[in-house]
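K.L.:
The listed protein sequences correspond, in order, to chains A and B. Under the UniProt record's numbering, think of the first position of the first sequence as 1, with each following residue one higher. Under the UniProt record's numbering, think of the first position of the second sequence as 1, with each following residue one higher.
Think of the hints as simulated: they come from the structure by calculation, not from any bench. Among the clues, some could well be false.
To be verified - Using 35 Å as the maximum straight-line C-alpha spacing, the simulated DSBU-like pairs for lysine-lysine come out as follows:
hint: 1; chain 1: A; residue 1: LYS305; chain 2: A; residue 2: LYS115
hint: 2; chain 1: A; residue 1: LYS289; chain 2: A; residue 2: LYS299
hint: 3; chain 1: A; residue 1: LYS151; chain 2: A; residue 2: LYS299
hint: 4; chain 1: A; residue 1: LYS55; chain 2: B; residue 2: LYS151
hint: 5; chain 1: B; residue 1: LYS55; chain 2: A; residue 2: LYS151
hint: 6; chain 1: A; residue 1: LYS127; chain 2: A; residue 2: LYS157
hint: 7; chain 1: B; residue 1: LYS127; chain 2: B; residue 2: LYS299
hint: 8; chain 1: A; residue 1: LYS127; chain 2: A; residue 2: LYS299
hint: 9; chain 1: B; residue 1: LYS127; chain 2: B; residue 2: LYS115
hint: 10; chain 1: B; residue 1: LYS277; chain 2: A; residue 2: LYS151
hint: 11; chain 1: B; residue 1: LYS151; chain 2: B; residue 2: LYS127
hint: 12; chain 1: B; residue 1: LYS299; chain 2: A; residue 2: LYS179
hint: 13; chain 1: A; residue 1: LYS277; chain 2: B; residue 2: LYS127
hint: 14; chain 1: A; residue 1: LYS115; chain 2: A; residue 2: LYS289
2 protein chains.
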Amino acid sequence: MNRPPIPAHTVRWFCLVLLWPLLLQAAESLPSWHDGPSKNAIVTFVEAVTREGSKDFVAPAERIAVFDNDGTLWSEQSMYFQVLFAFDEARRLAPQYPEWKQKQPFKALLEGDQKTMTASGMDGVSKIVAATHTGISTEIFIANVRAWLAKARHPQKDRPYTELVYQPMLELLDYLRAKEFKPYIVSGGEVAFMRAWAPEVYGIPPEQIIGTRFVSQYQYNNGRPLILRTPRLAHNDDGPGKPESIDAIIGRRPILAFGNSDGDLQMLQWTAAGSGKRFMGLVHHTDAKREWAYDRQSKIGRLDKALDQARADGWTVVDMQAEWSRVYPSD
Amino acid sequence: MNRPPIPAHTVRWFCLVLLWPLLLQAAESLPSWHDGPSKNAIVTFVEAVTREGSKDFVAPAERIAVFDNDGTLWSEQSMYFQVLFAFDEARRLAPQYPEWKQKQPFKALLEGDQKTMTASGMDGVSKIVAATHTGISTEIFIANVRAWLAKARHPQKDRPYTELVYQPMLELLDYLRAKEFKPYIVSGGEVAFMRAWAPEVYGIPPEQIIGTRFVSQYQYNNGRPLILRTPRLAHNDDGPGKPESIDAIIGRRPILAFGNSDGDLQMLQWTAAGSGKRFMGLVHHTDAKREWAYDRQSKIGRLDKALDQARADGWTVVDMQAEWSRVYPSD
Chain A
1 MNRPPIPAHT VRWFCLVLLW PLLLQAAESL PSWHDGPSKN AIVTFVEAVT REGSKDFVAP
61 AERIAVFDND GTLWSEQSMY FQVLFAFDEA RRLAPQYPEW KQKQPFKALL EGDQKTMTAS
121 GMDGVSKIVA ATHTGISTEI FIANVRAWLA KARHPQKDRP YTELVYQPML ELLDYLRAKE
181 FKPYIVSGGE VAFMRAWAPE VYGIPPEQII GTRFVSQYQY NNGRPLILRT PRLAHNDDGP
241 GKPESIDAII GRRPILAFGN SDGDLQMLQW TAAGSGKRFM GLVHHTDAKR EWAYDRQSKI
301 GRLDKALDQA RADGWTVVDM QAEWSRVYPS D
Chain B
1 MNRPPIPAHT VRWFCLVLLW PLLLQAAESL PSWHDGPSKN AIVTFVEAVT REGSKDFVAP
61 AERIAVFDND GTLWSEQSMY FQVLFAFDEA RRLAPQYPEW KQKQPFKALL EGDQKTMTAS
121 GMDGVSKIVA ATHTGISTEI FIANVRAWLA KARHPQKDRP YTELVYQPML ELLDYLRAKE
181 FKPYIVSGGE VAFMRAWAPE VYGIPPEQII GTRFVSQYQY NNGRPLILRT PRLAHNDDGP
241 GKPESIDAII GRRPILAFGN SDGDLQMLQW TAAGSGKRFM GLVHHTDAKR EWAYDRQSKI
301 GRLDKALDQA RADGWTVVDM QAEWSRVYPS D
């Protein structure tokens, strides 16, 4: 059969008419998102998988959404906040460990010797993380994180860390929950560190938070059991570790995944490779004024290969500067 | 102040009057439970933590309930069903591995040489489990388990394995869900093995199933990612491994725990040690006629130390023979 092609402007007009009520509804749900390609992509996807009778309909139980944390739900510059916690915590604990005065990388940290600290690299950071995150029970560790958060302020932004969360992403979480999605955090951050504050800040319960884990050890001391955190790494929840823990812990493939860096690439690939409609999103840090601007060259949150694949495969790349009317709740 | 003591029969009468409406309601919810100490303990606990205004009230989000699987939700004799799957699966796969004809413990299994098989012990079983459970993707493994379940029958009971679940425990799961509890399986069984059938049989979704895990490995083969199961053990979810994985994966302490063996002892201790009202239960296999009778001397599902602690600490011990009017759904 030979039909005349439908003119492009008719297609565009038709799409707009169909989308209009959705966009109005989304304007209420996602007020900090400017009308633009990312918001349209989110709304179009959510509508397609949640509308009864839609050919792309997904049952509520299967509406698993996974979010990276650092750089996706809150800021991560000029250093992951968990590492800044570890540094502050090591300074707080130093009086209990006089040997740190002579022992690197603790010595450098305590003396403010940035050159030696930087030279110690990831290995040095790991030692400080282990010293401040392990050897104690989960309960005590979580109390320590909360005590820090109650007082600490971000050095450049001069605000509590928990205020450096992205308002548009909070709205997205609410919007997805209203549409019966189940949002998970899947982050390279340590899981108990996040559980100390993320349930309150994001409304995501502890059992929907997945992260890097230390080996823990159950002890039963005369009827008083405790879970001791040991310095041995059980799982590094970064890169390929993300789909691995999604498979191990959730046991379902997400239909929506949001990240911001190459550490999220495998989680997005894994999400994309499922059958049916999928949404893959990246937060692109393009806003040097309100937040930070970085991508391919950054040491923290490098976005390079994932940006290439996003462009090639048509994933959504959120231009923070152009598409978000607010970055932080207090803006 | 010196008050005359209230006579015991008055106390008993008063308690009965208070409990009566609850017991009537529970008779509908738990029809396969005879009126007896276990049912009373369950109903009294659930009522105390769920009734608005109760001094023991627990918010729905904190109503985490954990259940062992083998021997607690379904039978485990004369061998864990997952091991019987592994044996059947090794026989099915044998043509692809001609070397097994000369290699123990595969040789003994294929030849039906029970003496050598038994002599190979847990090490021999582990080899057969690893050979049948790993080296493939999670998706293929789950498909294999489902294909087996569709045809396999329990050797003594001559019924599909999924019919050897305990009717009273299915009712308990429903009752708890109706009271806004969130039930988890926390089992020594391998997690993907359980996810192949437990969501349908128990109504427990994959993300609420925790078990023993193999290390998995994300692979990206020209745009087709897969999660490969490797033979290395990531976590043994038995004994102390149970509270460890509850802490790592759920991140909240359960308020109700049910097990049946010494492998559940630490999970019950961990649950008991939380603040507020708690429920710890053990299924005691006392029914040689309808199911099996075993405890302190059994190689499978030994119940010895946990039985002592249950008696000492007043945990609920369910006498299967006396307290369950039905064992299996088909009874």
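K.L.:
It remains to establish, for every hint, whether it holds in the given structure.
P.N.:
Tested hints:
As the CA atoms of LYS305 of chain A and LYS115 of chain A are separated by approximately 30 Å, the hinted pair is consistent with the 35 Å bound. With a C-alpha separation of about 19 Å, the suggested pairing of LYS289 of chain A with LYS299 of chain A holds against the 35 Å cut-off. At most 35 Å may separate the alpha-carbon atoms for a hinted pair to count; LYS151 of chain A and LYS299 of chain A meet this at roughly 27 Å. Only pairs whose Cα atoms come within 35 Å are accepted, and LYS55 of chain A paired with LYS151 of chain B is accepted, the gap being roughly 34 Å.
For the suggested pair LYS55 of chain B and LYS151 of chain A, the alpha carbons sit about 34 Å apart, so the restraint of at most 35 Å is met. For a cut-off of 35 Å, the pair hint linking LYS127 of chain A to LYS157 of chain A stands: about 27 Å separates their Cα positions. Distance restraint check for LYS127 of chain B and LYS299 of chain B: the Cα-Cα separation of roughly 19 Å lies within the 35 Å cut-off, and the hinted pair is therefore satisfied. For the proposed pair LYS127 of chain A and LYS299 of chain A, the alpha carbon gap of about 19 Å is at most 35 Å, so the pair holds.
Proximity of LYS127 of chain B to LYS115 of chain B is assessed by CA-CA distance (about 17 Å); at most 35 Å being required, the pair is judged to hold. Of the pairs offered as hints, the one joining LYS277 of chain B and LYS151 of chain A holds, with about 34 Å between alpha carbons and a cut-off of 35 Å not exceeded. For the given pair, LYS151 of chain B sits about 24 Å from LYS127 of chain B by alpha-carbon distance, which is consistent with the 35 Å threshold. At most 35 Å may separate the alpha-carbon atoms for a hinted pair to count; LYS299 of chain B and LYS179 of chain A exceed this at roughly 49 Å.
Between LYS277 of chain A and LYS127 of chain B the alpha-carbon distance is near 40 Å, which puts this suggested pair outside the 35 Å criterion. Of the supplied pair hints, the one linking LYS115 of chain A and LYS289 of chain A holds, its CA atoms being roughly 28 Å apart against a limit of 35 Å.
Against the hints set out earlier in the document, violations occur for numbers 12, 13.
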